[in-house]
Amino acid sequence: MKSFILAAALLPAAAFADINIQRWHTPQGTQVLLVERHENPIVDVEISFKGAGSVFNPDSSTQTAEFTAALLTDGTKSLDEEAFNRRSNDIAADIASSSGQETATVSLRSLSQSTNLTAALALLNESLTAPRFDAAVFARRKQQAVTALKQRETTPDFTAERMFTRLIYPHHPYGNSANITVAGLEKVSLDDIRAFHRSRYAKNNAVIAIVGDVTRIQAEKLAAAALDGLPDTTQTDSRIAPVDKPQARTSEMPFAGEQAHIVLGMPLIQRNDPDYYALVAGNYILGGGGFDSRLMKKLRDEKGYTYGVYSILEPASQAGPLRIEYSTQKKNARASLANARSVIETFIAQGPTEEELKQAKANIVGGFPLRFDSNAKLVKYLSLIGVYNLPDDYLQRYPEAVSKLTVQQIKDAWRRRVNLSDFSTVVVGAE
Amino acid sequence: MYAKFLIPVLCLLAQPVWAQTLSQTLSNGLKVIVKEDRRAPVAVSQLWYKVGSIDEQTGKSGLSHALEHMMFKGTPSVPSGEFSRRVAALGGQNNAYTDRSETVYYEHIAAANLPEVLKLEADRMRNLNFSNRDFLNEMNVIREERRQRTEDSAAGKMWEQVFLSSFTLPAMRASVIGYMQDLHTLKAADLRSWYKQFYAPNNAVLVIVGDVDARATLQTVENLFGNIPAKPLPKRNHLAAEPAERAPAYAETESAVTHRPLVALSFRVPALKQTSERLPYALDVLSDILAGHSSSRLDSRLVRGKQMLLSADTSYDMLSREMPLFSITAMPSENVSPQAALNALRAEIRDIAEHGVSEDELKRVKAWSAAAEVYEKDEMSAQADMMGRLEIRGFSYTDEAEIRRRLQQVSTDDVQQAAKLLTERRSSTVIVFPARQ
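Protein chains in written order, with our numbering: chain A, 55 to 485; chain B, 244 to 680.
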């Protein structure tokens with residue numbers, strides 16, 4: 055079986071050389087990234103606005119960024135909500151908008167034939183430049199958001215993740231999205247939303263990722279047409295303050311249901327972190343690598359505590375979280391948590407074995423082409439590269455960097471950066 | 244502005260990107276389908292076994308799904324845990340799922356490594372040999388899976404109640420994961436015997452889509468699977484015993500972890516048996532008219548217009564082997580009772596049964612389904628899913644084009660006829676109430 059592993063390790067350099075990213079800036083400062091894929095007559099477009107996510111909510115207890123993004127695709131000045139929906143459905147265009155932490159995003163999937171694409175693009179442009187922000191629609195959205203929040207509060211994973219984010223970002227805007235409350239939802243006004251849209255959706259903070267059946271010339275026109283009519287520049291600052299050194303906090307909450315949901319971790323990783331690859335590869339071995347990971351082997355395969363346990367790294371402009379998460383029946387909550395902590399502690403102290411690192415490299419490097427083997431997946435990577443100013447050859451550099459890592463580098467990075475005594479812990483369903 | 248695109252697209256279609264699909268049935272009965280798709284250097288393999296929860300007996304529910312878990316627990320040459328480790332070392336992703344009528348094992352991998360993955364699948368098709376210790380531990384994992392997905396999930400509870408109240412045959416009633424009491428009493432021997440009965444080349448379909456040479460891949464499959472002997476297969480449960488019409492059924496629970504109640508309105512309807520039928524296509528289109536896109540009736544009238552529902556959805560699988568359900572599920576808004584929500588859903592069906600649908604609505608659904616065919620080609624696994632499902636449910640993968648053509652031919656009259664079929668005598672209603680504190 056050894057020969058397979060070698061074969062996999064040799065594969066990637068050749069396999070990905072052909073992702074040809076074309077990248078340019080418009081005179082107004084919009085960054086555009088394009089990968090032409092002409093085999094299938096579809097086009098995927100994702101437009102991200104830097105500085106329009108929940109981090110930038112004017113009041114950290116409200117959901118202005120979230121409502122603004124949601125309402126963009128609820129009708130325009132010339133088309134009420136129903137007319138807007140009918141028109142996009144008539145041409146089978148999937149137009150959606152959402153708000154993340156640092157950016158807000160509007161996306162489109164359309165057939166590439168001109169009758170469909172031209173109409174889809176016109177709708178996309180209208181939703182960005184002339185959103186209706188209809189009072190009745192907003193009232194309904196608000197009411198639905200309140201009910202949806204109450205509903206999500208009855209699910210253990212949402213409740214645990216929200217509390218975890220509050221614990222690790224108590225004074226940082228990365229905690230804004232977790233400040234969602236009924237009162238906060240009700241406090242937002244249409245004036246807040248209009249002001250947020252006016253000041254944070256512009257040409258110079260937009261990143262447009264395009265994948266599909268368009269040429270460079272068509273893509274240039276498409277990018278210009280999509281944003282035509284938006285202000286040239288944003289009126290606001292989108293820098294984010296560094297995250298404070300973590301302080302361990304604990305929250306145990308009673309909860310209905312049979313299982314406890316457990317989340318633990320700390321703020322850790324930046325997108326341009328010097329330890330990025332050492333943390334990523336180490337995370338695979340600790341809990342990110344599914345059945346390969348130490349946490350899964352211990353908590354599922356050896357102890358039978360859980361259907362699945364995962365550790366996740368969420369890199370951001372400033373320190374994003376390392377988060378470990380699983381469910382288990384309530385009576386096993388304490389014992390499983392003790393086991394999880396011991397696995398983490400041992401890993402930080404001793405680092406990975408040579409064998410584990412070899413396996414992690416084989417999977418991350420060998421499996422890299424699977425991350426963008428569809429247009430839908432690739433357009434997300436292009437957005438990421440644009441929003442975080444990653445290099446054009448990021449998709450080649452990533453597997454190369456991972457394949458060069460040593461056990462010592464990983465051990466060193468984890469010991470310097472991760473300390474179990476800094477971990478915050480949430481147990482929803484504590485007994 | 245974009246008129247130029249049409250020309251390059253047409254040229255490219257002539258090139259061997261979607262080059263060819265080859266199919267062969269080996270002498271041991273294994274059906275193999277290989278579709279070339281050269282867009283990325285990767286491949287998808289799906290091995291479908293014709294066995295699922297509808298094949299199980301009273302007291303042994305959850306057997307097919309439990310066996311799916313044990314398929315990762317070792318053969319003499321690939322010890323417990325090694326299957327996943329080796330696929331991961333090849334840079335691949337793998338997993339499996341069990342449904343009512345099939346169990347499917349899949350890998351997504353760099354195309355160059357496909358033969359190694361197929362070798363592992365061939366090995367576990369006939370050499371599974373798990374330990375009692377692994378079995379006992381894995382049953383703990385499966386009970387946690389049930390707690391997570393059914394006991395503590397309002398939607399999981401709802402779907403379990405939908406099947407319980409819609410059918411009388413035990414194998415049709417039970418959920419795929421099985422009743423908790425059965426998950427405490429299943430024996431390793433039950434699983435071993437299930438494996439011996441149903442895991443055979445003549446009870447399986449292997450679908451491969453990717454950057455492969457179809458002819459060479461068929462040869463690889465023949466080399467790896469060709470010497471696995473066929474088996475006499477057990478008779479599957481007789482599922483046609485239930486009449487479609489009977490007194491309406493009703494069930495409710497007061498045990499879900501939820502803020503709002505959930506409602507489900509389901510109807511016992513026909514599946515597609517011959518591609519020449521009309522009604523199943525019309526039911527499929529009706530499902531999209533009600534909830535297939537953002538201007539469908541339930542969204543525009545009940546979620547937005549009257550604001551009675553927070554969300555609504557429909558489901559109907561016309562390719563079911565057993566009698567399928569046409570289901571509408573919804574979460575009522577604040578201050579809307581489950582009964583009022585159900586009445587509103589029934590009124591929408593009645594409206595279509597009495598007044599039909601407009602040509603515009605029908606055109607919109609057809610535009611979506613034509614585009615969906617193109618959008619699905621973006622993902623290799625979606626292409627493999629369609630071929631596998633057709634084969635395992637009694638059709639051929641070559642029927643896809645005809646089925647899509649007939650969906651495009653559904654008329655407004657057909658849709659009205661389909662709505663008329665959704666009568667009280669075919670219905671079952673489920674309400675999942677929040678647990679009393």
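Quick caveat, the hints were computed from the structure, so don't treat them as lab data. None of these values were measured; they are calculated from a predicted model. Take the hints with a grain of salt, since some may be wrong.
PhoX-like, lysine-lysine: derived pairs with alpha carbons at most 20 Å apart [unchecked claim]:
{"no.": "1", "chain 1": "A", "residue 1": "K434", "chain 2": "B", "residue 2": "K620"}
{"no.": "2", "chain 1": "A", "residue 1": "K431", "chain 2": "A", "residue 2": "K351"}
{"no.": "3", "chain 1": "B", "residue 1": "K549", "chain 2": "A", "residue 2": "K196"}
{"no.": "4", "chain 1": "B", "residue 1": "K549", "chain 2": "A", "residue 2": "K431"}
{"no.": "5", "chain 1": "A", "residue 1": "K241", "chain 2": "A", "residue 2": "K204"}
Hint check, failures only: Per hint list: 2 and 4 violated.
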